[in-house]
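Q: Here are the chains, one letter per residue:
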Amino acid sequence: GIQVEQSPPDLILQEGANSTLRCNFSDSVNNLQWFHQNPWGQLINLFYIPSGTKQNGRLSATTVATERYSLLYISSSQTTDSGVYFCAVGEYNNNDMRFGAGTRLTVKP
Amino acid sequence: SQTIHQWPATLVQPVGSPLSLECTVEGTSNPNLYWYRQAAGRGLQLLFYSVGIGQISSEVPQNLSASRPQDRQFILSSKKLLLSDSGFYLCAWGLVDQFFGPGTRLTVL
Chain A
3 GIQVEQSPPD
13 LILQEGANST
23 LRCNFSDSVN
33 NLQWFHQNPW
43 GQLINLFYIP
53 SGTKQNGRLS
63 ATTVATERYS
73 LLYISSSQTT
83 DSGVYFCAVG
93 EYNNNDMRFG
103 AGTRLTVKP
Chain B
-1 SQTIHQWPAT
9 LVQPVGSPLS
19 LECTVEGTSN
29 PNLYWYRQAA
39 GRGLQLLFYS
49 VGIGQISSEV
59 PQNLSASRPQ
69 DRQFILSSKK
79 LLLSDSGFYL
89 CAWGLVDQFF
99 GPGTRLTVL
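Top line first, the protein sequences correspond to chains A and B.
Residue 27 in the working numbering sits at position 25 of the first sequence, and the numbers go up by one each step.
Residue 62 in the working numbering sits at position 64 of the second sequence, and the numbers go up by one each step.
These aren't lab readings, by the way, just hints derived from the structure by calculation.
For glycine and all other residues, C-beta sits at the position ideal for the given N, C-alpha and C.
It cannot be assumed that every hint is accurate.
To be verified - Just a few of them, taken from the derived set where beta-carbon distance is under 8 Å, the chain B residues facing chain A:
{"#": "1", "residue": "Trp5"}
{"#": "2", "residue": "Ser27"}
{"#": "3", "residue": "Gly41"}
{"#": "4", "residue": "Val94"}
{"#": "5", "residue": "Asp95"}
{"#": "6", "residue": "Phe98"}
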């Protein structure tokens, strides 16, 4: 099956800093999502982005499907951005979504 | 708008006891439904998905089972829990992208 690798595994930032999280996948995908898991375990949808670029406030994401990677950008980070960021991909439809191991982000005040 | 509920929020069960976790979705019809498990500090593993009433696909052979008795109800069960069944269980719904419930934290002692 498709392999999903996220980097870095851990990231510590000072409040106000910018960061880039990366998701590499091993095969063509029709579905790609970014999620944020908060400290209480809730998974929050950030982007549905199988290709192209999207922005939502301080967050933006870019997926280059032909090169099999996606990037999540966080600008002017805040302590509430802390948590684990997951990338999930699907080859054919969203019934076979595979999650990466996540990037654990800690934003210090 | 759509909402997804899971209960209970936390559960502590002895080894060998039965399990029943429930997930319900509001505000949509005939959604695809999913059960995931997350071990401590790890990514998400897809356990089951359902594209309609009575239709269940299993991703991982184990002592768990799933049922979908109604369009917007998804149940995860076990006849006899193992220590290795401990984890955070997440239900999700989706047609294109997936949306997650708040999760059930299960500890098997």
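Q: If a hint holds in the structure, say so; if it doesn't, say that too.
A: Hints, one by one, checked against the model:
1. Trp5: violated, 14 Å
2. Ser27: violated, 17 Å
3. Gly41: Given a least distance of 4 Å, the restraint on Gly41(B) holds.
4. Val94: holds, 6 Å
5. Asp95: holds, 4 Å
6. Phe98: Phe98(B) check passes; min Cβ-Cβ to chain A is 4 Å, inside 8 Å.
Of the numbered hints listed earlier, those contradicted by the structure are 1, 2.
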